[in-house]
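Since chain F is already given, all that's left is putting chain R on it; use the hints.
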Amino acid sequence: MSQEKGLPKGGFLWRAACRVAPVILGYVPVGFAYGVLAKNAGLSTQNILSMSVLVFAGSAQFIAVGLLAAGASMAGIVLTTFVVNLRHLLFAAALSPSLGTWRRRDLSFLAFELTDETFALHAGALRQGPLSRAETLAVGVMAQAAWVLGSFLGAVAGAEIGDVRPIALDFALPAMFIALLAGQVKTRTHLAVALFSGILSTALALFGVDRFGVLAATLAGAALGTLWQALIRPTSS
Amino acid sequence: MASLDQTDVFLTILCMALATYLPRAAPLVFLSGRTLPPPMVRFLGFVPAAVLAALLFPSVFAPQGGLDLSPGNVFLLGSIPAVLVAWRTGSFFGAVAAGMGTVAALRYFGG
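From first to last, the protein sequence lines are chains F and R. Residue 27 in the working numbering sits at position 27 of the first sequence; the count goes up by one each step and never skips. Throughout, the working numbering is defined as the position within the second sequence, counted from one, plus 1000.
Derived by calculation from the structure, the hints in this document are not laboratory data.
To be clear about the criterion: a stretch of chain R counts as covered by chain F if any three or more of its residues have a C-beta under 8 Å from a C-beta of chain F, and this derived list gives those stretches: (1) 1006-1017; (2) 1032-1043; (3) 1046-1052; (4) 1057-1071; (5) 1080-1091.
What follows is a set of in silico ranges between Cβ atoms, one per label pair, in the way DEER data are often shown: (6) R/Leu1069 <-> F/Lys186: 26 to 32 Å; (7) R/Leu1067 <-> F/Ala134: 45 to 51 Å; (8) R/Leu1067 <-> F/Gly66: 20 to 26 Å; (9) R/Gly1072 <-> F/Val141: 37 to 43 Å; (10) R/Pro1071 <-> F/Ala70: 29 to 35 Å.
Every residue gets a Cβ at the ideal spot worked out from N, C-alpha and C, and that includes glycine.
Next up, chain F with everything else stripped away, as it sits in the complex:
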């Protein structure tokens, strides 16, 4: 099912459910993998769920669990989380011009539910027209519900399942990024930006720049695309 094709009929909850379904299919297994990992790292079920409810940031939660298990300091873990999630600044900035009519309360709530995946859904919806407030907020709530559910199932099953690799749960996140990326590559310039950012991010990771790498590669790729449009193909924007 593609999130790009037309508006489903029905009320806002149904339309939100149709939009978010692909992300739910990704979040339940990835949340499950997080729950299993966290359980095996020694986190209590309450804390596993607390992190999914209060933080709701997939990659940062995986990194934090690894750091907690390794005995890292609280300051180090929080700083790492901040750096890893700085890219959300760009997501919020990209959405903000379209949200002038929204109340501050709704914006604050939208921010809480803003992840890589919900942002990709919102960005896709924006191409079809203005964002419906109720539908957009419902997308976030449903996505997080799936994430918390997956985490809970993983935390419960964690003691039994030592290893999520045989069922390929560790590939759920990359597979979800592939599917979301396919929906974002609309022009050749977007494809070039994606390839550039991806390769740069990999190179940075290989050189040990693992925390700022994603942010730096995103900034560099988007800047290159902007320059390319402005200087080389100014007519095709």
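Quick look at chain R alone, frame taken from chain F:
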């Protein structure tokens, strides 16, 4: 293993929540409704594709931390059907299922 102080863990989680929420909320609260300069709008339009690729590529090309372009890299092999299904059909579920199915099968039969 289970020697973590759960109260410390919870305090860490509260601080993580704040560190995650601030970058998510600040631009929405301070920029919403403002007209950004057109180059900035174009720049932000490239962010979704750029960030998804930046997150994806290292996990596929260097899943163990080092560059691995060999046939033994199951994530690299699993990406091929996922990309093909996503590109050809636009099906999100199909792409995720094809990728995970391939990785699980390669591990099962590859040992």
